[in-house]
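*Asks:* What follows is the residue order along each chain.
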Amino acid sequence: KQEVTQIPAALSVPEGENLVLNCSFTDSAIYNLQWFRQDPGKGLTSLLLIQSSQREQTSGRLNASLDKSSGRSTLYIAASQPGDSATYLCAVSPGYSTLTFGKGTMLLVSP
Amino acid sequence: KAGVTQTPRYLIKTRGQQVTLSCSPISGHRSVSWYQQTPGQGLQFLFEYFSETQRNKGNFPGRFSGRQFSNSRSEMNVSTLELGDSALYLCASSLASGSRDEQFFGPGTRLTVL
Numbered sequence: 001k002q003e004v005t006q007i008p009a010a011l012s013v014p015e016g017e018n019l020v021l022n023c024s025f026t027d028s029a030i031y032n033l034q035w036f037r038q039d040p041g042k043g044l045t046s047l048l049l050i051q052s053s054q055r056e057q058t059s060g061r062l063n064a065s066l067d068k069s070s071g072r073s074t075l076y077i078a079a080s081q082p083g084d085s086a087t088y089l090c091a092v093s094p095g096y097s098t099l100t101f102g103k104g105t106m107l108l109v110s111p
Numbered sequence: 001k002a003g004v005t006q007t008p009r010y011l012i013k014t015r016g017q018q019v020t021l022s023c024s025p026i027s028g029h030r031s032v033s034w035y036q037q038t039p040g041q042g043l044q045f046l047f048e049y050f051s052e053t054q055r056n057k058g059n060f061p062g063r064f065s066g067r068q069f070s071n072s073r074s075e076m077n078v079s080t081l082e083l084g085d086s087a088l089y090l091c092a093s094s095l096a097s098g099s100r101d102e103q104f105f106g107p108g109t110r111l112t113v114l
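Note that the protein sequences, when read in sequence, are chains A and B. When you line the first sequence up against this note's numbering, it's residues 1 to 111, in that order. When you line the second sequence up against this note's numbering, it's residues 1 to 114, in that order.
Hints in this document: simulated from the structure, not taken from any laboratory. Quantities reported herein were computed from a predicted structural model and do not represent experimental measurements. Do not rely on the hints blindly, as some may be mistaken.
What the hints assert, rightly or not - Reference listing, derived: stretches of chain A covered by chain B, where coverage requires no fewer than 3 residues with Cβ under 8 Å from a Cβ of chain B: (1) 21-35; (2) 56-64; (3) 100-108.
What the hints assert, rightly or not - Derived DEER-like restraints, expressed as beta-carbon distance ranges: (4) Thr53(B) <-> Glu15(A): 32 to 40 Å; (5) Pro8(B) <-> Thr5(A): 30 to 38 Å; (6) Leu83(B) <-> Glu56(A): 38 to 46 Å; (7) Glu82(B) <-> Tyr76(A): 36 to 44 Å.
We put the beta carbon where it would ideally sit given N, CA and C, even for glycine.
Can you make the complete structure from the sequences, with help from the hints?
*Replies:* Structure, rendered in structure tokens:
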């Protein structure tokens, strides 16, 4: 059974810092990995999708990497801003449009 | 292009009642998945529909059921509600395009069972 772990569970940083969020998964047989952001009480916003054949994806200040063999992914956020405060969720897909989620990292960026 | 929409946004029910939630996917998306989010368990997969057929099902009791219509809209039904069914129910849609399959989520329906 696939298990996804996210470390740390919570993170507080001052504005402007670069930061790394970690995600690990137990079964390397995945189609892709997706990073999401969730604001309190809201739905999920897709940030980045990395296909199983890819090593990384970039979007603006965000960069996500994938090492399928070791079951790890990282989300790098450059020059953090207060608007980045949210819960970040990592999810892996074994196929057929299903996702297994980690419990998330709650990020607080203070001005 | 309009995003995934879910109705209603909020629901309050009492134990023993049943409830139906609705999800309209992004135009052109044929796959709709449902998830339950609670503070204790996080996000858990309920089931996924593609072209009106349930392709995958998570580990939930039979009280949870769903269906998909020919226009890809989906409904989820929970019968005999229990207090533990209080949660945010999220639906996601996708093109079901293999490894490029990006999931897009709706705003969710917040269900409170009293």
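*Asks:* Could you run down the list of hints and mark each one as holding or not?
*Replies:* Verification of the hints:
1. Residues of the stretch 21-35 of chain A lying with their CB closer than 8 Å to a CB of chain B number 3, which satisfies the three-residue condition for coverage.
2. Counting residues of the stretch 56-64 of chain A whose beta-carbon sits less than 8 Å from any beta-carbon of chain B gives 0, not enough to reach three: the coverage restraint is violated.
3. With 5 residues bearing a CB less than 8 Å from a CB of chain B, the stretch 100-108 of chain A meets the requirement of three and the coverage assertion stands.
4. Look at Thr53(B) against Glu15(A): about 48 Å separates their beta carbons, and that is not inside 32 to 40 Å.
5. Separation of Pro8(B) from Thr5(A) is about 34 Å and conforms to the stated range, judged on CB atoms against 30 to 38 Å.
6. Taking the beta carbon of each, Leu83(B) and Glu56(A) are about 44 Å apart, inside 38 to 46 Å as hinted.
7. Hint check: Glu82(B) to Tyr76(A), Cβ distance near 42 Å, so the stated range 36 to 44 Å holds.
The structure fails to meet hints 2, 4 from the earlier list, while all remaining hints are met.
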